[in-house]
Amino acid sequence: MLFLGMYSWNQTTHTLDDFATDTGLELGGAVLSPVRALEDAVRTLWTRYADLVAVREENEVLKTEVAQLEAQLLTVREDLAELRRLRVLLQVPIDKNWRPLAARVLSGQIGPNAVLNSITINRGYATGGRPGTPLVSSKGLIGRILKASAHSASVMLMTDPGSHIAVYTQQSRALGVLRGAGAAKRLALDFVPRDTLVSIGEVIVTSGLDGVYPKGLPTARVVTVEPSNYTEFLAITAEPLVDLQHLEEVLLLEHTGAAPEVEEGVMAPREFVGPPKPEKRARK
Amino acid sequence: MGWFGNVLWWLGFTCTGIVCQMLVPRIDALLAGLILLLQQRDYRTLLWVLPLFIFLQEGLGTSRFGSSIVWYALIFLLFHIGERFFRSDTFVFVFFLSAAGGAAYYGIHLLMAPLQELDVNVEQLVDASFLQAFFLPLFWRICSLLRPKEELHPDHDDG
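Protein chains in written order, with this note's numbering: chain U, 1 to 284; chain P, 1 to 159.
Source of the hints: derived by calculation from the structure; they are not laboratory data. Heads up, some of the hints might be wrong.
What follows is a set of in silico ranges between Cβ atoms, one per label pair, in the way DEER data are often shown [said to hold, decoys possible]: (1) S8/U <-> F85/P: 34 to 40 Å; (2) W46/U <-> V19/P: 16 to 22 Å; (3) H14/U <-> M1/P: 37 to 43 Å; (4) V19/P <-> K63/U: 39 to 45 Å; (5) V203/U <-> V120/P: 28 to 34 Å; (6) V120/P <-> K139/U: 52 to 58 Å; (7) M1/P <-> A54/U: 46 to 52 Å; (8) D119/P <-> S8/U: 19 to 25 Å; (9) L11/P <-> A54/U: 28 to 34 Å; (10) W3/P <-> N59/U: 58 to 64 Å; (11) W46/U <-> V120/P: 37 to 43 Å.
Chain P is nowhere near these chain U residues, computed Cβ spacing over 12 Å in every case [stated by the list, open to error]: (12) D22; (13) L62; (14) Q68; (15) R84; (16) L175; (17) A183; (18) A184; (19) R194; (20) A235; (21) E254.
As the structure is a prediction and not an experimental result, all values here were calculated from the model. We put the beta carbon where it would ideally sit given N, CA and C, even for glycine.
Only chain U is shown next, with the shape it has when bound in the complex:
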């Protein structure tokens, strides 16, 4: 009875949750950070030694690579110009209201109470990692911070069944909700109407409509598309773009709190109208 009373009281006030986060997570983070630093130092030392051994051969290879890269750079410049043009076309503005902060992954699911697909990182509310802060890597979205102590935070990965992200598909512009189904399982893209043309391999990006994630973050890639047997929607599965099992460094997107920029000659901020209407698939 005493336990149930305490449990109910904590459910409403979160006092014990907050205290456990401030003490337990902080202590755990303080223990794990030096361990990771030591691991990094040993790895760096070993890598440097290995590099030293192979440096001569590598130098020759690198010289050849530099020549190849110089040639590729010319092509990349063209691609960059094309990307800028496409961004304008797709109306995906580069959002400057989010500041990236680097963080180190301290551990995966840790302890018997880590029931969600989660990781622990070395940034907390005092260092830019507040609850709700999105996490990305160079390849795409990872998840968001669930709870934070001063210098450590627990992050819920996008594969967790409790993760629901407002997204749209990049080519067909179909709005939906990307839902996790568990570690090492495919994600499900819900609420995409049956008559929408979604192709396999299409990239899914955040729509920003949930108010949690900034718009335009690459999230997953469509793996299967078929009509659902039970609903009026498509049954779409996708796989994350990021390898969530082997994360080391991540980027936190800290909201600067700044209002969206007003374009020159426009009095009010541009109104968000959402992606264009999806193409309709011809009914058979």
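Given the structure of chain U, go ahead and fit chain P onto it with the hints provided.
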């Protein structure tokens, strides 16, 4: 071992336990220490080590506060029941306790998940329960070997 040495030993144990938990996901490595304390009947140390472990596990975890209390309470109960049938300082006792503890681990998570409206991945939970049951005797054995001899089994030194 003096008071200060004892505190240092337990802080070292806690740090090592956290690192073990980092290496093997979802297991409770600190539980081996609690069993060691129960075997030693060192309730004075248990008084500060237990809250430390509870807050650590709750802080590092992602569930609502409370699971660790039920988990440790069940282990204490199983320990006292097992003590009636076996000598508590033997490996066989710890082996049976860890097997029962593995089942308790499964039961508690299955029980606590609906309270937090969480989906239970039964496969993962079974894996974690087996890992917990497998690693506990191992951790306990290592800890009991590392613990200074005079600290172990104080009730057997009398005769």
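Hint check results:
no.	hint	result
1	S8/U <-> F85/P: 34 to 40 Å	holds, 37 Å
2	W46/U <-> V19/P: 16 to 22 Å	holds, 20 Å
3	H14/U <-> M1/P: 37 to 43 Å	holds, 39 Å
4	V19/P <-> K63/U: 39 to 45 Å	holds, 43 Å
5	V203/U <-> V120/P: 28 to 34 Å	holds, 32 Å
6	V120/P <-> K139/U: 52 to 58 Å	violated, 30 Å
7	M1/P <-> A54/U: 46 to 52 Å	holds, 50 Å
8	D119/P <-> S8/U: 19 to 25 Å	holds, 22 Å
9	L11/P <-> A54/U: 28 to 34 Å	violated, 42 Å
10	W3/P <-> N59/U: 58 to 64 Å	holds, 59 Å
11	W46/U <-> V120/P: 37 to 43 Å	holds, 41 Å
12	D22	violated, 8 Å
13	L62	holds, 36 Å
14	Q68	holds, 41 Å
15	R84	holds, 41 Å
16	L175	holds, 24 Å
17	A183	violated, 7 Å
18	A184	violated, 10 Å
19	R194	holds, 26 Å
20	A235	holds, 19 Å
21	E254	holds, 21 Å
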